[in-house]
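*Asks:* Listed here are the chains, written in short residue letters.
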Amino acid sequence: MESNELTQRFAKDLVNQIAVIVRTAQIHNPANVAVVSSVEKFVSLVNTLAREDGPVTLELVGEYFYLNEERIKFSMEYLLNFDFLQREFKRRSLGSLRFACEVNAGEMQTFLSAFLNSQYSPDPFDDLTLGMSAANCIECGRIRRIVEDDNYDLRKAVKRTYFNAVSYTRGVMNKIKAGERVSIKRAKRVIESMVDLLLEKEELLLGMTAIKNYDEYTYHHSVNVSILSVALGQRLGLGKKALMELGLVALFHDIGKTEIPSEILNKPTSFTGEEWEMMKGHTLLGVSVIFRMKGFDSSSIRAAIACYEHHIHHDKTGYPKVQKLSDLDFYSRIVGIADQYDGMTSSRVYARVPLAPDRALSLMMKRAGAQLDALLFKFFVNLVGIYPVGSLVMLDTRELAIVCSASPSEHLRPRVVMITDDTGIKAGPRTVDLTEKDPGGKHLRSIVKALDPAKYKVNIAEYLL
Amino acid sequence: MPQAEEIKLGQELMQSFLRARKNLRIYPANNPVYGKTVEDAYRKVIEYLDLYGDLDLKLRQNEILLGDKPVFQSVEKEDNLAFILFKDGVRELSLQKGLAQNEMKGFLEAISYDFDKGDDEDVVTLFWERDFDHVKYIVDENFLLEDETYEASATMRAREEETDEGELRRAYEEALKEQAEARVLDIVPITRSDLDQLVKEIEKDSGDKIPRLTAILIDMLVCSDGEAARENLKLICGALEYAVQNGLIYSAVHILQSARKTSEDPNVPETLRREMEQVFLFASSPPVIKRLGEELDSGNMGDLGILMDYVRHLGREAISSFITILGELKTIEARKTVIDALALLGEKDINALAKGLSDPRWYVVRNIIYIFRKIGDRRAVDFLIRAARHSDVRVRMEVIKAFGELGGQGVIQTIRDALDDPEQSVRTAAARALGQIKSEAAKKIIMNRLTAKEFVDLDFNEKKEFFEVLSSWNESGVVEFLLRNLRVSSFFRKGRYDEIKACAAYSLGLMGCKEALPSLHRLRESKNRLLSEYAYTAIKRIEYGK
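From first to last, the protein sequence lines stand for chains A and B. First residue of the first sequence: 1, per the working numbering; consecutive thereafter. First residue of the second sequence: 466, per the working numbering; consecutive thereafter.
The hints are simulated quantities; they were obtained by calculation from the structure and are not laboratory data. Hints may contain errors.
What the hints assert, rightly or not - Below 30 angstroms or equal to it, Euclidean Cα-Cα: the simulated DSSO-like pairs (lysine-lysine) are:
| id | chain 1 | residue 1 | chain 2 | residue 2 |
| --- | --- | --- | --- | --- |
| 1 | A | K316 | A | K366 |
| 2 | A | K90 | B | K601 |
| 3 | B | K552 | A | K366 |
| 4 | B | K601 | A | K177 |
| 5 | B | K642 | A | K455 |
| 6 | A | K321 | B | K674 |
| 7 | B | K642 | A | K177 |
| 8 | B | K562 | A | K201 |
Go ahead and model the full structure; you've got the sequences and the hints to work with.
*Replies:* If you want it as structure tokens, here you go:
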């Protein structure tokens, strides 16, 4: 069994065991052998984890349990006990149980007794915590209000969706390399989540595109291009269905690279002429891979077109060289912009030092009209802002910060994560909104200049994830 | 907790969803049953919503719960409403107050989808695309994860390399030292004209993408050779198949035109040009032609002439496929179009076309003979002679018509034989065919037939047909022959002989033979009404050209 399966199994057993304890104690006396043995079993389980990983937190968020921030998967086997425990937690406004250290059976009995006694109390959570004063190692947390849950869940959902997309892309590319069949069903679901999140809170998912990964560049890049394309498509007024199609098209724009030998793809030194030609061939290979993977339908046709055209410039330069071609396809132009931007701002095997986001935009601006579609680029700049997510900036307060999300109303005043104090000393990250003003109406902070994060080896992920 | 009545209504609802699933899969959307099914289900849901508020359901693999009570249970794979939703991750479903009938329709269509088609569609995507306002669902996305540990490990890896404090310090100091620079970029506001241009771009984008794809595939093909070229040819065929499958016949024609152009381009290597034939062979293959036939029958093709543009690119290989569909088409328009197509193709290979004469369906055989008539190739005679003995009179008649049009020595004997056909229609057709051939031999056969003993006993109309045919030889011998017939008399079977005279009068009238006027005036006085009328008509025709 895979280790994650084991972890999930363990987590499910743990939750199930609490439910068993509560259910048994509702019927029997606490000294009853059934209660005692189920408590002992639980103690053994939780202590195993505590010994390995330190404090153990079981949390109820919405309809799901999380163990140490990992969501516990739905399980038919334990559905009734999960439902039961969820109700019992909610009845007492109990949101989390934290086992700060290894517990003993006595402490669990204390918790159990407090838990049962609080059932009919007018203030069950208060009574529960009061009754647990003797259980030093067990801490209770109140259930978080819906509003808090929403934000919490949204950020988590964004992260989960992003990494799920990367993981999916990695899986697909590996499967294609191995000649296995690929399901597009999953890709659609991944893109649906992305579209939903972009429609709900564009800047959160857009912010994830600043997270670059050198080792897994191709997968991250595919997802980033997909996110940037969908976000741009949304700005262009495309409908939900079209956004999904665009997201799919963009996700697979580099799928032809699966056909390039990895020693070339990951070659750390410059390509020879022949190798470069081979690399350029990924656009043509992409067409074949798309149809092999998905057959012919309207979205695979669009995906194939984008695979082929995404390196052809607006003025028909670039590659592959075409015999006769009218204007580039609308999606190809969108994907082309997203691809250039993400490529320039990422560290790749053949271009180790990435451009700062604002520099990349500036360079692209020079290309607009010739290599890039000027109209679409205009929308793109409006999307990512003058200081795109991931930009390293100095503020007029002499603090350094990283842009974490654009402000839809004020392009010069994004939200930033402060990374140094005003003397240049690394500071604990905190988020600041640059639109904030003092009582006199003056902005508290303003950007004075952008710096190149790559030059100073600033790990953006450290602050944005 | 829902009470018994609510549960009962919930159960009825599930049954109405199942019924809808069945009906929506059987009937097309424009069928009244389809609409009524949606209405019935909608009425039932509204009844529930009015009585009990939102319908909140929990999904398990094999059951659907309302509250904690099952309203649907099944362990079967077929029509398992719970499993249809559960398998794609739906765990909770809520139909809410304010539900519109259109939403109900969308919901029912989504659950009625044939997920066994293997096209990677799923119920959650179908719900998502419909963007319901009053159908909410909670989905467990975990089963979609490729690698559940990926998020945690990727996050850890990304955070692993902490930013160096010294580097930050350097960034800080360098930033302070340098002059504050002007921003590298400015936001350019989106203008009205930008938006107008964008609207045009989006409208332009809604067009068919196959021509663009074709250009790409052809470009890829001409740059390739060997296995890669064969792979690219397959892709072109795939695009063609897609176009035909989806009724995009214009696109299919575009693909064929592009392929043709490439195959004739002297700049393209000879081997590749030869291999291009595969595309045309594929376009001629039975499944593709069958699909074309379905599209023709559906009436969705619009201008049926587009099929001819398609057919122009096909070779003789397509003939048998078209013959097959000819017998299967339901509409006359579709059959006419296929006949035209076969006439075009048949010229390339009449042997292949002649195989259709062995088809067990008489109407296919008749259509093939008709196609031979359209082609007008005398080599067809050899094939048609056999069909002249076909058991169906309509086929025999068609053969004789064809022979009349084709002419030549080879057809005479068959036509002569047809004069003895048990069916009058065939005999008259044979007479007309001889008239069309208009040779001496043909004339002789007609005259011999008119003088045959049994001719007098034939039906008047048949006799008249023969005389009419004879009138097409406007020459003295024929005039004399007809004048003689005007004078024929007999004590026995006088009525029958008067019919002969009437037919001769009719013929002479057609010929405008003034010589016959005295005899005709005489016959005008005949007591036989038929003879008198025919004589009068002939006189009018001769004297006044009427």
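*Asks:* Now tell me, hint by hint, if it's right for this structure.
*Replies:* Checked hints:
Between K316(A) and K366(A) the alpha-carbon distance is near 17 angstroms, which keeps this suggested pair within the 30 angstroms criterion. Between K90(A) and K601(B) the CA atoms are separated by roughly 23 angstroms; this keeps the pair inside 30 angstroms, and the hint holds. For the proposed pair K552(B) and K366(A), the alpha carbon gap of about 50 angstroms is over 30 angstroms, so the pair is violated. Distance restraint check for K601(B) and K177(A): the Cα-Cα separation of roughly 39 angstroms exceeds the 30 angstroms cut-off, and the hinted pair is therefore not satisfied.
Of the supplied pair hints, the one linking K642(B) and K455(A) holds, its CA atoms being roughly 16 angstroms apart against a limit of 30 angstroms. For the suggested pair K321(A) and K674(B), the alpha carbons sit about 20 angstroms apart, so the restraint of at most 30 angstroms is met. Proximity of K642(B) to K177(A) is assessed by CA-CA distance (about 51 angstroms); at most 30 angstroms being required, the pair is judged violated. Taking the CA atoms of K562(B) and K201(A), the gap is about 27 angstroms. The hint holds against a cut of 30 angstroms.
The earlier numbered hints that this structure contradicts are 3, 4 and 7.
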